[in-house]
Amino acid sequence: MVWLKMPPRYTSSLRQTLPFLFLCFQILSLLIFMFLISSDYSYDQKYLQRYPEFQDINVMIILGFGFLFAFLKRFGFSAVGFSILLVAFGLQWAIILNAFLFGHKDGLRVISFTSLCTGLMSVLPALISFGAVLGKMNPVQLLMMTAFEMPVFTLNRYIMTKYLTIGDHISMMHAHIFGAYFGLSVSWLNSSPSQSTKANKEKENFETTSELFSMFGALFMWMFWPSYNSVLLQDLVQKSNAIYNTYFALAVSVVTVFSVSALVNQEGKLQMSHVRNGMLAGGVAVGYSAFMVQYPWITMTIGFLAGLTSSLSRTFFQRTLNKVSLVHDTCGVHYIFGLPGLLGGITYSLLIISADYNSIEILGYQAIVGIGCILLTLALSLVSGLITGFILKCKLFRPPSEHHFFQDQPFWEATLTR
Amino acid sequence: MVWLKMPPRYTSSLRQTLPFLFLCFQILSLLIFMFLISSDYSYDQKYLQRYPEFQDINVMIILGFGFLFAFLKRFGFSAVGFSILLVAFGLQWAIILNAFLFGHKDGLRVISFTSLCTGLMSVLPALISFGAVLGKMNPVQLLMMTAFEMPVFTLNRYIMTKYLTIGDHISMMHAHIFGAYFGLSVSWLNSSPSQSTKANKEKENFETTSELFSMFGALFMWMFWPSYNSVLLQDLVQKSNAIYNTYFALAVSVVTVFSVSALVNQEGKLQMSHVRNGMLAGGVAVGYSAFMVQYPWITMTIGFLAGLTSSLSRTFFQRTLNKVSLVHDTCGVHYIFGLPGLLGGITYSLLIISADYNSIEILGYQAIVGIGCILLTLALSLVSGLITGFILKCKLFRPPSEHHFFQDQPFWEATLTR
Amino acid sequence: MVWLKMPPRYTSSLRQTLPFLFLCFQILSLLIFMFLISSDYSYDQKYLQRYPEFQDINVMIILGFGFLFAFLKRFGFSAVGFSILLVAFGLQWAIILNAFLFGHKDGLRVISFTSLCTGLMSVLPALISFGAVLGKMNPVQLLMMTAFEMPVFTLNRYIMTKYLTIGDHISMMHAHIFGAYFGLSVSWLNSSPSQSTKANKEKENFETTSELFSMFGALFMWMFWPSYNSVLLQDLVQKSNAIYNTYFALAVSVVTVFSVSALVNQEGKLQMSHVRNGMLAGGVAVGYSAFMVQYPWITMTIGFLAGLTSSLSRTFFQRTLNKVSLVHDTCGVHYIFGLPGLLGGITYSLLIISADYNSIEILGYQAIVGIGCILLTLALSLVSGLITGFILKCKLFRPPSEHHFFQDQPFWEATLTR
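Chains as they are written, first to last, in my numbering: chain C, 1 to 418; chain U, 419 to 836; chain E, 837 to 1254.
The shape of chain C in the complex, shown without the other chains (with noise of 0.2 angstroms):
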């Protein structure tokens, strides 16, 4: 239990900037609401009717992420106290965003019930970026990586729904992409190839308690993702399409992940972080073309596809790639959310080319117009990712040291009786 009694001079100590940091932010939101922004309290029953998915995203989002990232033995209270932080931050910051850039009316600003869960769900790629420098960076580099994230994300959204005609739902769902991306260049610029040491890896050993509040996270991501994937359409037979198309590839991608991972491991045996996080893998897919597909197998395909690249590409590649390129990627967002996500467009893409309808040349302009979505959203998340990394890395927000990473004991008061 060394580091526990380790003398506090080597821990950076937080108090002179989180405190009035996250003060600032708050008040600084406050301010913006009571002043420039006008908000519509006028009946929506369309909100209403919703309450109950925005409820499973309010699920999903909060405890799903929180307890997904309370994997590693050390970190549970960062993991978990940080999500809700980020969230609580993020949904006021992504609502402010919304209404400059997509609530004009009028001449004001105006928000309603609706852009409550836009912004809910526009913390998403915050919370995808958290888990890629999970253990590594500061309560304080999280708040500002989230403050730098989210208006890029919400001017990548702008762009595709305003210049290339995308509906709001799509846009949304490159949040998968936008998040993995941005968090990995963050996590290139933040985590030194020394990193890697012996220590670092005891202390990102599991334990079964912590694993069982992972997957109980994972869980809750799991079956309240066809909520996800149907919230924000309208027409309620894509929306209940969306479901439907969901619930298959999830528990196709299910078997396939249990198959794949024992079939790589000599013994035959499964490993739990494969199974939690390939599982999520089918849901990210087939985000994009869920709302559309008329045939079960089409959707189901795309689970298969998602479990395999996502087991496949985590067993082979993640070790090569965190000894090639330094990029260290805790939760493996890369696995969960970046690949499938890509797997996601590109068969959206692929599908509108294949529908038969008439106006072949419509389905073919759309499917450029899908394919250059992903870029553009790769391209704004990758260069917006280096660019904070590197403010981030900056001494003013006092990084944690490297034998300080994934490790609550910096951020958090503890009694010493564990």
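One thing to keep in mind: the hints can contain errors.
What the hints assert, rightly or not - Cross-link-like lysine-lysine pairs, in silico, DSS-like; alpha carbons within 25 angstroms at most:
| no. | chain 1 | residue 1 | chain 2 | residue 2 |
| --- | --- | --- | --- | --- |
| 1 | U | 464 | E | 882 |
| 2 | E | 941 | C | 46 |
| 3 | C | 105 | C | 162 |
| 4 | U | 580 | U | 523 |
| 5 | C | 46 | C | 162 |
| 6 | U | 523 | U | 464 |
| 7 | E | 941 | E | 998 |
| 8 | E | 998 | E | 882 |
| 9 | C | 46 | U | 580 |
Because the hints were derived from the structure by calculation, they are not lab data.
Given chain C, put chains U and E in place with the hints provided.
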């Protein structure tokens, strides 16, 4: 930690069977969906209204069962992991079976949104049976067990709805009885007498954390049981009655079980396993009649009797039954689902008879049909369970040897930090 | 592990009281339902529409409180187990009381689906009081406490709705204040000064797992608080406003609490207990006024103040208060529910006054009534709490001796593996 260091040759590696079997199953299911099933994607408004209840059942079945079974301190990964596996596979299999038996429409086998809900609910018996053989079978055996159990359960429902003119809802309520007795039969043939050795007894012990996880699963089941008992009902009056009555029965069985648990203990102490299991008995027992009872005190009495039955039978018979008949019932599904299910079925028939309608003849007939359904379910589940149990003993499936019972270690890759 | 091996004569066995008391209560309740209560089984469409919110509150009350209280490392079984027990008993008792006071219709005491929801919400004060005496009472005392508290709370609501013409919703929002001060009064008489001995301090410590379980409960409460603050509202506009405003207040109080928690710690570290408790304060405080506020910045300010109040008062006053007044408040319900509740009540009155309506006289009257309701609730809760606390000290109930505080061991059968 001797059990962690056993040489791998003692563990029956699943690498040669598990991945290929799972892949085969998944590809087969995909092909069936591709070539033999039509999907009705027309809009089904009723389904979308039922979506919150569907999600409740989703939570109940996936999180509820997964964590309810996580009480064995060294079997947590398997309990949670294999539950989601069985659901993901069983759901597809059940949808296929239901399409073949119930889904005929214009010469095609059609599935729709309702099939998703029915499919999910049909997985219940497989999970209950999993509870009876918990820790004594490998995932390949569990998958085969599910593959064998589903067709018989669907056939059982087909006979009941087609020839005994029982409604969809009531036919589904036999899942508890079917699952429990099927599981007990399988367990009878697959747990050898010497299995209750000291070493296994030790492994069957729990610890605080695993018990809390298990309680957590049980609470989810408790809370969402009203949704389970009402989701298939079409009539909105019956539906709200079912919710209302189920809630009362559940509340009463909690208080009853606490009382009995303290009464049967020498020092007046409560037992977590009593409370956890007994509190669900009320929901199981009232499932049959919740939609039609017109006085809360009747449902409360059913809940009271179910709580008594469950906790008293568990206390007095479990050990005796284990010794005499050599049936080892790890989770006690006989006391959670089996006996309360029988109680509920019998009460249902009695309530039909006692209803003061004019047409006493029809009611008498219905009551006889009710008893007939129970007997049919018992017969089919016991016989098919015995056959399945016999097949699963086959060396081909590499059943785990006795000293690997109740352990994650043969199936899951684990770091040795704990 | 000395505490596990104490001879049973030191533990006050509950075998002679607990089972019989619980059974009596249950049978009494059954008889009251049988002979004195009529049930309105006619179809209530509004109820079914509200079913998802009802389930949210169910989760919040059962899982939320149960696991929120599971932070004591040796009291997890009791926290979760006694919560569900209090809910299961309290619900029946509350429905009976509500039927007698509010349910008169055609000379009968009628209950309907709405009664289930009101009953469930009426259990809240009992659970809050449980938080104040957590670990210091046996289940018999807890049941008696609930039995005494419910009638006074229902009477309080009756006086408010009948004579002070306050709506159902606002009257229910006083549950926080009532529960907190009732619990503090009971705790004052039942926790002796010497109780903060070193041994008990040690037992009050937490460990990572129990804290995560507790955070998990708190997150469920956080997520579903908008449902709690809106479910009783009939007007759909008010309802959606309440959801919207509550969410903002909750988000702001999270960021505020993180900030204060780091500020008050010498090393700038966060404290899980601060975060866990403070983040709920926003929801409590905004409960009164969420339905009528028309600007999000007002609710955000309330959330900000509630977060400040909760975490600052906890930091500076808890130890002092414990020492001076000898009130030991295990879970800190005073800071989660008591003070934020008072803040919310006062803000509500201020907001009514500041509303720029024409009829300023009526508004002034309403504001005075608002203050009057708070004073009434305070008076009733303190007086009835003192009386209840005095009764519960009686030897008849075999209160646990001091060295058994904060332990599952006197109440739960446990294997000694840990």
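Results for each hint:
1. With a C-alpha separation of about 17 angstroms, the suggested pairing of residue 464 of chain U with residue 882 of chain E holds against the 25 angstroms cut-off.
2. Of the supplied pair hints, the one linking residue 941 of chain E and residue 46 of chain C is violated, its CA atoms being roughly 35 angstroms apart against a limit of 25 angstroms.
3. Pair hint residue 105 of chain C plus residue 162 of chain C holds up; C-alpha atoms about 16 angstroms apart against a cutoff of 25 angstroms.
4. Taking the CA atoms of residue 580 of chain U and residue 523 of chain U, the gap is about 16 angstroms. The hint holds against a cut of 25 angstroms.
5. Restraint check: the Cα-Cα separation between residue 46 of chain C and residue 162 of chain C comes to about 24 angstroms, which is no more than 25 angstroms; the hinted pair holds.
6. Distance restraint check for residue 523 of chain U and residue 464 of chain U: the Cα-Cα separation of roughly 19 angstroms lies within the 25 angstroms cut-off, and the hinted pair is therefore satisfied.
7. Taken as a hint, the residue 941 of chain E and residue 998 of chain E pair is honoured in the structure, with Cα atoms around 16 angstroms apart against an allowance of 25 angstroms.
8. Distance check on the hinted pair: residue 998 of chain E and residue 882 of chain E sit about 24 angstroms apart at the alpha-carbon level, within 25 angstroms; holds.
9. With a C-alpha separation of about 41 angstroms, the suggested pair residue 46 of chain C and residue 580 of chain U falls outside the 25 angstroms cut-off, and the hint is violated.
The structure fails to meet hints 2, 9 from the earlier list, while all remaining hints are met.
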